[in-house]
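Participant: Chain residues, written in single-letter form:
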Amino acid sequence: MQDVEIALSHVSKKYCKSLRRSMRYGLSDISRNLCRMSSHSNVLREEEFWALKDVSFEVRQGEALGLIGANGCGKSTVLKLLNGIFWPDIGKVAVRGKVGALIEVGAGFHPMLTGRENVYLNGAILGMTKAEVNEKFDDIVEFAEIGDFLDTPVKHYSTGMFVKLGFAVAVHCDPDVLLVDEVLAVGDISFRRKCFKRLKELRDENVTWIIVSHDAGTIQANTDRVVLLDRGEMAYVGSPEDAINEYLYSLSLKRVTPGSNAAQVVDSRSSKQSVAADFEVDRVVLLDKNLCEREVFATGEPFAARIEFTAKKKIEDPAFGVVFFNGDNEICSESVTSFDGVRIEKLEGRGSVTLKTDSLPLYSGVYRLHLTVRDGSLAPLAEMSHAAYIKVSGGKLFSAGMFYMQHSWDIELDEDRIGSAPRAV
Amino acid sequence: MTETDFTTYEPDNSLKKGYRSLFSEIFSELNKSRWLIFQLFKKDFVALYKQSFIGVLWAILLPLVAVGTFIVLSGAGVFNVGALSVPYPIYAILGTALWGLFSTGLVASSNSIVAAGPMITKINFSKKSLVIASMGQALLAFFIQLCLVLALLVYYQVTPSPAILLIPLLIVPVVLFTLGLGFVLSLVNGIVRDVANMVSVVVTFLLFLTPVLYAKPTTGVLAALTSYNILYYLVSVPRDLILYGTSDYLKGFLLSSAVAFFVFLLFLAVFHLTETRVAERV
Chain A
1 MQDVEIALSH VSKKYCKSLR RSMRYGLSDI SRNLCRMSSH SNVLREEEFW ALKDVSFEVR
61 QGEALGLIGA NGCGKSTVLK LLNGIFWPDI GKVAVRGKVG ALIEVGAGFH PMLTGRENVY
121 LNGAILGMTK AEVNEKFDDI VEFAEIGDFL DTPVKHYSTG MFVKLGFAVA VHCDPDVLLV
181 DEVLAVGDIS FRRKCFKRLK ELRDENVTWI IVSHDAGTIQ ANTDRVVLLD RGEMAYVGSP
241 EDAINEYLYS LSLKRVTPGS NAAQVVDSRS SKQSVAADFE VDRVVLLDKN LCEREVFATG
301 EPFAARIEFT AKKKIEDPAF GVVFFNGDNE ICSESVTSFD GVRIEKLEGR GSVTLKTDSL
361 PLYSGVYRLH LTVRDGSLAP LAEMSHAAYI KVSGGKLFSA GMFYMQHSWD IELDEDRIGS
421 APRAV
Chain B
1001 MTETDFTTYE PDNSLKKGYR SLFSEIFSEL NKSRWLIFQL FKKDFVALYK QSFIGVLWAI
1061 LLPLVAVGTF IVLSGAGVFN VGALSVPYPI YAILGTALWG LFSTGLVASS NSIVAAGPMI
1121 TKINFSKKSL VIASMGQALL AFFIQLCLVL ALLVYYQVTP SPAILLIPLL IVPVVLFTLG
1181 LGFVLSLVNG IVRDVANMVS VVVTFLLFLT PVLYAKPTTG VLAALTSYNI LYYLVSVPRD
1241 LILYGTSDYL KGFLLSSAVA FFVFLLFLAV FHLTETRVAE RV
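These protein sequences, in sequence, are chains A and B.
Residue 369 in our numbering is what sits at position 369 of the first sequence, and the numbering runs on without skipping anything.
Residue 1123 in our numbering is what sits at position 123 of the second sequence, and the numbering runs on without skipping anything.
Hint data in this document are derived by calculation from the structure and do not stem from the laboratory.
There could be a bad hint or two in this list.
Straight-line alpha carbon distances no greater than 16 Å define the calculated EDC-like cross-link-like pairs of lysine to aspartate or glutamate that follow [to be verified]:
1) A:Lys312 to A:Glu348
2) A:Lys136 to A:Asp174
3) A:Lys313 to A:Glu348
4) A:Lys314 to A:Asp278
5) B:Lys1032 to A:Glu132
6) A:Lys98 to B:Asp1005
7) B:Lys1216 to B:Asp1240
8) A:Lys17 to A:Glu48
9) A:Lys313 to A:Asp375
10) A:Lys53 to B:Glu1010
11) B:Lys1050 to A:Asp151
12) A:Lys98 to B:Glu1029
13) A:Lys92 to B:Glu1010
14) A:Lys346 to A:Asp278
15) A:Lys197 to A:Glu142
16) A:Lys200 to A:Asp174
17) A:Lys391 to A:Asp288
18) A:Lys92 to B:Asp1012
Every beta carbon over 12 Å from chain A, so not counted as near; a handful from chain B, in silico [stated by the list, open to error]:
19) Phe1027
20) Phe1053
21) Leu1064
22) Val1065
23) Tyr1156
24) Gln1157
25) Leu1170
26) Ala1196
27) Leu1206
28) Phe1208
29) Ala1215
30) Gly1220
31) Lys1251
32) Ser1257
Treat the numbers as computed from the prediction; the structure is a model and nothing was measured.
Ideal placement from N, C-alpha and C gives every residue a C-beta, glycine not left out.
Work the whole structure out from these sequences, hints included.
Facilitator: Listed below in structure tokens is the structure:
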């Protein structure tokens, strides 16, 4: 068991919405502290809110932790607390060793200074000594790939060059703990690859890192464990795959479920169960390949949706329609019995209709199932805009496309050209 | 590995430590930050003068204009500079040079935290270094203006006292006093932006209230005020010592220096205890 390097225990942090009150609170907190009185930071004052609430986790030496969550969920606040830029209002933050933070690349850069001067300045701000910067200077410049622009003021740099230089300085300051906040999104692909290679090297040197990103791929490929934050609270801690799925669910669930505005605006029809009094949908059940009820499905696995109903009088030639909506309220797929040439002559009493597929073509996220039942004259019998929610976990397949195609591969090796790469056909 | 390897942050973090360990903490931080202070000073300097034709010469031009104004005003009889035993330009320019340590230094240091912008909230580094580095501009301007004074001494064939060699020592009290005020004002300015504007106004006002460009009046309200004006002693006694080798207000100078030193230490401690609190409100 390796040592704990970072520990947050029940950490909360509040912010103030109003600038004017923030000024007043700031002055009063400072005055109280100077008189050696507590600022009672555990109590919310007017117009304050918890940006982070009761967050606890530990990171061991050499571990890479990912932080994900929607904008404003408190990811950057966690990094700032770890870096000691802010103090927590409740709880305790403990970090061991030298912390290097890439919360905003080039935050310490001055536009008028040349690249060379900024390397020294930024190195100093990040806590390096003059000797250290001198020693690493060539490495930094080489890593940043700025070449001839070394003696040009950085205000003439492109965004990418700026980020490269900032990143280069930060990863060369020999931290024990590295905090990286969504900064790599700016560089080009080859530079990003280089950054991650460097991060991996640091990890081999037992550097602990915490990385914040919206990019599921980045998180998945580079972290051991992920903390999902939702509006300042810890929503999930676990493996990158599971945490990302949780995140994607939470994102689409917010948009898919009733009460969220998007769903209401687009879907103005009521989600009323039955339109006709003599027909009632009892329930809609989601089933796996063993016909067991389930909530979460994997991309590409067999899936079925069973619609159980009661018809109080005889209904002739009905049609069942099932539409899948994604989190953006776009139609992903529509299946209607009559379109498929499936004819149901009549219904009476209890029964069920089941839609089946061998391979669920949906990627990670939550999908809304919309159900319509009509009789032979196309008059609606039942209309349910939120008949069911399907959680799909793509595993390692993150929405790398619009839908998942059921497929297989054949590999043929050309005997005459041994040594050439296998060809996929 | 023991518990002590950990840096911990808790609510009201500054309350954990006693006032006693405070100064050893502060001075070890400052000692570690020497190079950072120099880099920050260099940044300020380059930012100020790089895209400018005459560059640092602005440091000479501004006091010349101020002194010129006084010469014109006194020539026109609007204003009486009082009886002086050295040529007025030497007296006035040496005075403004010393005064500039306070005025330029205070304006720069009270703005230093706000001027650093996003750096404050994105990187954890020694914020004291920012304030101290901002004093660098004032010191640089002072030494440039001192060259002008030397040129004038040669021109008017005035021999200064040997105390001129003690200049680095003589300016310590006014620099510490300015830094002390700068520490606390930069913090408050981080929260309430009115401070920076207020400082500019007050500094201009103080220049007229303090006998820097004119001799100390012997009677009236201003004379009474001046004898309690700590800045008068801090600026004018070093000037007297440089020009005449002696001063009538040595006792006042020593007392003021003690006050300046106390102000510096007190506000340095205040700064140390509250800098993190301010970071979140900048």
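Participant: Next step is simple, just say for each hint if it's right about the structure.
Facilitator: Consistency of the hints with the structure:
1. A:Lys312 to A:Glu348: Within the cut-off at roughly 7 Å; holds.
2. A:Lys136 to A:Asp174: Within the cut-off at roughly 10 Å; holds.
3. A:Lys313 to A:Glu348: Holds: Lys313 (chain A) and Glu348 (chain A) sit about 6 Å apart, inside 16 Å.
4. A:Lys314 to A:Asp278: holds, 9 Å
5. B:Lys1032 to A:Glu132: OK: Lys1032 (chain B) and Glu132 (chain A) at ~14 Å, within 16 Å.
6. A:Lys98 to B:Asp1005: Roughly 10 Å between the alpha carbons, so the hint for Lys98 (chain A) and Asp1005 (chain B) holds.
7. B:Lys1216 to B:Asp1240: holds, 12 Å
8. A:Lys17 to A:Glu48: Holds, at roughly 6 Å.
9. A:Lys313 to A:Asp375: holds, 12 Å
10. A:Lys53 to B:Glu1010: holds, 14 Å
11. B:Lys1050 to A:Asp151: holds, 14 Å
12. A:Lys98 to B:Glu1029: holds, 15 Å
13. A:Lys92 to B:Glu1010: holds, 5 Å
14. A:Lys346 to A:Asp278: holds, 14 Å
15. A:Lys197 to A:Glu142: Status holds; Cα separation ~15 Å.
16. A:Lys200 to A:Asp174: holds, 14 Å
17. A:Lys391 to A:Asp288: holds, 13 Å
18. A:Lys92 to B:Asp1012: With a Cα-Cα distance of about 11 Å, the restraint between Lys92 (chain A) and Asp1012 (chain B) holds, given a limit of 16 Å.
19. Phe1027: holds, 17 Å
20. Phe1053: Non-interface label stands for Phe1053 (chain B): nearest chain A Cβ at 15 Å, farther than 12 Å.
21. Leu1064: holds, 26 Å
22. Val1065: holds, 26 Å
23. Tyr1156: holds, 39 Å
24. Gln1157: Check passes; 42 Å lies beyond 12 Å.
25. Leu1170: holds, 30 Å
26. Ala1196: With a cut-off of 12 Å, Ala1196 (chain B) remains clear of chain A, as the shortest Cβ separation is near 14 Å.
27. Leu1206: holds, 25 Å
28. Phe1208: holds, 30 Å
29. Ala1215: Holds: least Cβ distance 41 Å, greater than 12 Å.
30. Gly1220: holds, 38 Å
31. Lys1251: holds, 32 Å
32. Ser1257: holds, 25 Å
Of the numbered hints given earlier, the model fails none.
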